[in-house]
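Protein chains: 2
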Amino acid sequence: MEAMSSPERKRTGRRPGSTDTREQIAVAARALFAEVGYEQTTYRRVAASAGVDPALVVHFFGSKEELFRHVTALPPAIADAVEHIADGPRETVGRRLAELVVDSLENPASRALLLARIRATTSHPEAASLVRENVTHDLGRLASALSDDQPETRAVLAGVQVVGLTFTRYVLRAEPLASMSASDIVDYLAPVFQHYLVEPLAT
Amino acid sequence: MEAMSSPERKRTGRRPGSTDTREQIAVAARALFAEVGYEQTTYRRVAASAGVDPALVVHFFGSKEELFRHVTALPPAIADAVEHIADGPRETVGRRLAELVVDSLENPASRALLLARIRATTSHPEAASLVRENVTHDLGRLASALSDDQPETRAVLAGVQVVGLTFTRYVLRAEPLASMSASDIVDYLAPVFQHYLVEPLAT
Numbered sequence: 001m002e003a004m005s006s007p008e009r010k011r012t013g014r015r016p017g018s019t020d021t022r023e024q025i026a027v028a029a030r031a032l033f034a035e036v037g038y039e040q041t042t043y044r045r046v047a048a049s050a051g052v053d054p055a056l057v058v059h060f061f062g063s064k065e066e067l068f069r070h071v072t073a074l075p076p077a078i079a080d081a082v083e084h085i086a087d088g089p090r091e092t093v094g095r096r097l098a099e100l101v102v103d104s105l106e107n108p109a110s111r112a113l114l115l116a117r118i119r120a121t122t123s124h125p126e127a128a129s130l131v132r133e134n135v136t137h138d139l140g141r142l143a144s145a146l147s148d149d150q151p152e153t154r155a156v157l158a159g160v161q162v163v164g165l166t167f168t169r170y171v172l173r174a175e176p177l178a179s180m181s182a183s184d185i186v187d188y189l190a191p192v193f194q195h196y197l198v199e200p201l202a203t
Numbered sequence: 001m002e003a004m005s006s007p008e009r010k011r012t013g014r015r016p017g018s019t020d021t022r023e024q025i026a027v028a029a030r031a032l033f034a035e036v037g038y039e040q041t042t043y044r045r046v047a048a049s050a051g052v053d054p055a056l057v058v059h060f061f062g063s064k065e066e067l068f069r070h071v072t073a074l075p076p077a078i079a080d081a082v083e084h085i086a087d088g089p090r091e092t093v094g095r096r097l098a099e100l101v102v103d104s105l106e107n108p109a110s111r112a113l114l115l116a117r118i119r120a121t122t123s124h125p126e127a128a129s130l131v132r133e134n135v136t137h138d139l140g141r142l143a144s145a146l147s148d149d150q151p152e153t154r155a156v157l158a159g160v161q162v163v164g165l166t167f168t169r170y171v172l173r174a175e176p177l178a179s180m181s182a183s184d185i186v187d188y189l190a191p192v193f194q195h196y197l198v199e200p201l202a203t
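Heads up: the protein sequence lines correspond to chains Y and S, in order. Under my numbering, the residue at position 190 of the first sequence is numbered 190, and the numbers go up by one with no gaps. Under my numbering, the residue at position 150 of the second sequence is numbered 150, and the numbers go up by one with no gaps.
One should not assume that every hint holds.
[To be verified] Over the 10 Å line for every Cβ pair with chain Y, so calculated as not near, a few chain S residues:
no.	residue
1	Q24
2	D103
3	T153
[What the hints assert, rightly or not] Only part of the chain Y face toward chain S is listed, based on derived beta-carbon distances under 8 Å:
no.	residue
4	V135
5	P151
6	E152
7	L157
8	G159
9	Q161
10	L177
11	V192
12	V198
13	A202
[Stated by the list, open to error] These stretches of chain Y come out as covered by chain S in the derived footprint (C-beta under 8 Å, 3 or more residues):
no.	segment
14	115-125
15	162-168
Calculated from the structure, these hints are not laboratory results. Yeah, the Cβ is synthetic: ideal placement off N, Cα and C, and Gly gets one too.
Just chain Y, with the same shape it has in the complex (with noise of 0.2 Å):
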């Protein structure tokens, strides 16, 4: 199911047109979710912007939880990255980890998904509990795969510092972070996920 909704996943060339309206619909909701937050995303405001009847909303991803859970859930090719972090040189898992966190927010149908969960969490308490499951599990794997020491306390403290960013950067836009470049940022960040994933954790 992920797979066929991700903007990075490999088109199998069945049924084209069922997955292209799927996608399409997905990607409405997703922008709305992120504008307008979890409770004024109705079906038929998804159905307007994507360009289709709402019958196909609920056709294809049924109630609305599920169609929140399904277009804020990481694309693979996310949540593979994240996974593979932990194969390269301990040193600089932090680095690989503030890239990935920039890149993903530079993306924007990546920024869409992560600001669908900011402003879905602090507007609906149903939203919230979804999104607390995938943000455990998004950084959890990684955790754990690096450290034996409080695999989950560290997962979560790198998530303080993600959902931080995404807060102050593209909802308060509080500068000089709204205009910082990418690159400075990764080099702001890195440092400190890197002591959050990997070093002794309280001095």
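Put chain S on the given structure of chain Y with help from the hints.
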């Protein structure tokens, strides 16, 4: 103005009835902004929650922007404490900031203030611009007092950490952070604040 509405203010004894009413309104408004966001916090709801006439809300605070700005400004006691962090030993500034941030979030009044900022920012562009000013102001003076090297960048990076913590612990409620003890959080955040405030920023 700010001194009069803060829970930490020293009471002057002058017109206590009026001051108390003003404070009641501020407390009610702060809680509503934190719970339901900027848009849905109306004069009428604030007045009902404070048990006063809506005209009094207008009388004391004028516009909704002014009311929001007022109840989401840091209480003078906290703003003073942020500045005085620079006075102690340089090796432990990060820990002192972590303690102050965590103490402020453990206190229901200042937690409501920080949550009000986050909720309003996601829902209302005008509120975002008010919060933006506050965030820069709160940490900017501390960073400038500590370092001549990119103090604005240091302030906003420390802000990323504060925003990320507030959001992840209190809005998203991601574990293990949501259930973590205050002293553990101080231990985990202290080295990162230390890094952002006074260590070389990029490695």
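*Per the CB criterion, is E152/Y less than 8 Å away from chain S?*
This interface hint holds because 5 Å falls under the 8 Å limit.
*Does the CB of G159/Y sit less than 8 Å away from some CB of chain S?*
6 Å, holds
*Taking the minimum C-beta separation from Q24/S to chain Y, is that value above 10 Å?*
26 Å, holds
*Are V198/Y and chain S close enough, Cβ to Cβ, to be under 8 Å, as the hint says?*
With a closest approach of 13 Å, the V198/Y hint is violated.
*Within 8 Å of chain S (C-beta), three or more residues of the segment 162-168 of chain Y*: holds (count 6)
*Using 8 Å as the Cβ threshold, decide whether L177/Y counts as touching chain S.*
Status holds, d = 5 Å.
*Count residues of the segment 115-125 of chain Y with a Cβ under 8 Å from any Cβ of chain S, then say if the count reaches three.*
Answer holds; 5 residues pass the 8 Å Cβ test.
*Taking the shortest Cβ-to-Cβ distance between D103/S and chain Y, state whether it exceeds 10 Å.*
18 Å, holds
*asked:* Less than 8 Å between beta-carbons is the criterion; does P151/Y satisfy it with respect to chain S?
replied: 10 Å, violated
*asked:* Does Q161/Y hold up as a contact with chain S if the rule is Cβ-Cβ below 8 Å?
replied: With Cβ-Cβ at 6 Å, under 8 Å, it holds.
*Please settle this one: T153/S was flagged as non-interface, so is its CB more than 10 Å from every CB on chain Y?*
6 Å, violated
_L157/Y was flagged as interface toward chain S. Is the shortest Cβ-Cβ separation under 8 Å?_
This interface hint holds because 6 Å falls under the 8 Å limit.
Checked against the numbered hints above, the structure breaks hints 3, 5 and 12 and satisfies the rest.
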